[in-house]
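Colleague: Sequences are here, hints too, so could you generate the full structure?
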Amino acid sequence: MSEQDAILDALAPVADGIAATLGSFCEVVVHDFRRPEQSVVAIAGSVTDRTVGGSMSEIGMGLLARGDDAEDQLNYVTRTASGKLVKSSTMLLRDSGGSVFGALCVNLDVTALGQLKTLVGELADVGAVTETPTTTFGDDVDAVVDAIVDEHQLRLNKPWTALNREERLDLFRSLHARGVFAVRRAVPQVASRIGISRASAYNYLAEIRDQGAS
0 MSEQDAILDA LAPVADGIAA TLGSFCEVVV HDFRRPEQSV VAIAGSVTDR TVGGSMSEIG
60 MGLLARGDDA EDQLNYVTRT ASGKLVKSST MLLRDSGGSV FGALCVNLDV TALGQLKTLV
120 GELADVGAVT ETPTTTFGDD VDAVVDAIVD EHQLRLNKPW TALNREERLD LFRSLHARGV
180 FAVRRAVPQV ASRIGISRAS AYNYLAEIRD QGAS
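Residue numbers (numbering that gives the first Met the number 0): 0 to 213.
Keep in mind that the hints were calculated from the coordinates and are not lab data.
Accuracy of the hints is not assured; some may be wrong.
Straight-line distance between alpha carbons at most 16 Å, and here's what the computed EDC-like set of lysine to aspartate or glutamate pairs gives [stated by the list, open to error]: (1) 83 <-> 108; (2) 86 <-> 71; (3) 86 <-> 67; (4) 157 <-> 169; (5) 83 <-> 48.
Across the chosen pairs, the derived CB separations fall in these ranges [as the list claims (entries may be wrong)]: (6) 191 <-> 71: 31 to 37 Å; (7) 165 <-> 48: 36 to 42 Å; (8) 160 <-> 37: 32 to 38 Å; (9) 206 <-> 82: 22 to 28 Å.
All figures in this text were calculated on a predicted structure; none of them were measured in a lab.
Using N, Cα and C, we set each Cβ at its ideal position, and we do this for glycine too.
Modeller: Now the structure itself:
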């Protein structure tokens, strides 16, 4: 057994212990970044409704893209597609050589607390509550990739067919920076999503990678 596998195996009972201690509003997930399509190798509790064999979220893909330069993400808040408000911390796993290969994530369902905060804010007339970004959690990595692509379209506020060449390069540059292309089948999936050929998609990806290396 490799050092990385041994660390992942050792964290499974740790995840169980943390979830049992914090209660039913807590979920603890152990991720193996070496297989982003099925990165969930252990999970305790149920906040994001994932199971073992599930995929990483947009947040995990972003960390994967940064490789060994990635840093722990602590006490951030997101919202699931079903509307749950989730407070999370993602702590990276490194082997003895310093290589990032996974993460231990703690997710707390703070929906009720968020609702209470909104109520108190309205009663005190302290202004609008800051909008919380939605994150796609699920067992299907294709849904995560689609969500990241669609988010880019929402920012552009135009149909894919209206994108010029430079805008398409910006899209591929953004997706590459967020770790999307570490996922197998991501290139043809993105091509299909935005209505271009696979050959064009691979050409765009090669060009932005060349630009990054120059």
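Colleague: Take the hints in turn and mark each one as holding or not.
Modeller: Cross-check of the supplied hints:
1. 83 <-> 108: 7 Å, holds
2. 86 <-> 71: Holds, at roughly 14 Å.
3. 86 <-> 67: 24 Å, violated
4. 157 <-> 169: With Cα atoms ~14 Å apart, residue 157 and residue 169 stay inside 16 Å; holds.
5. 83 <-> 48: Holds, at roughly 11 Å.
6. 191 <-> 71: 31 to 37 Å: 35 Å, holds
7. 165 <-> 48: 36 to 42 Å: 39 Å, holds
8. 160 <-> 37: 32 to 38 Å: For residue 37 against residue 160, whose Cβ atoms are near 33 Å apart, the range 32 to 38 Å holds.
9. 206 <-> 82: 22 to 28 Å: For residue 206 and residue 82 the Cβ distance comes to about 39 Å; the hint is violated.
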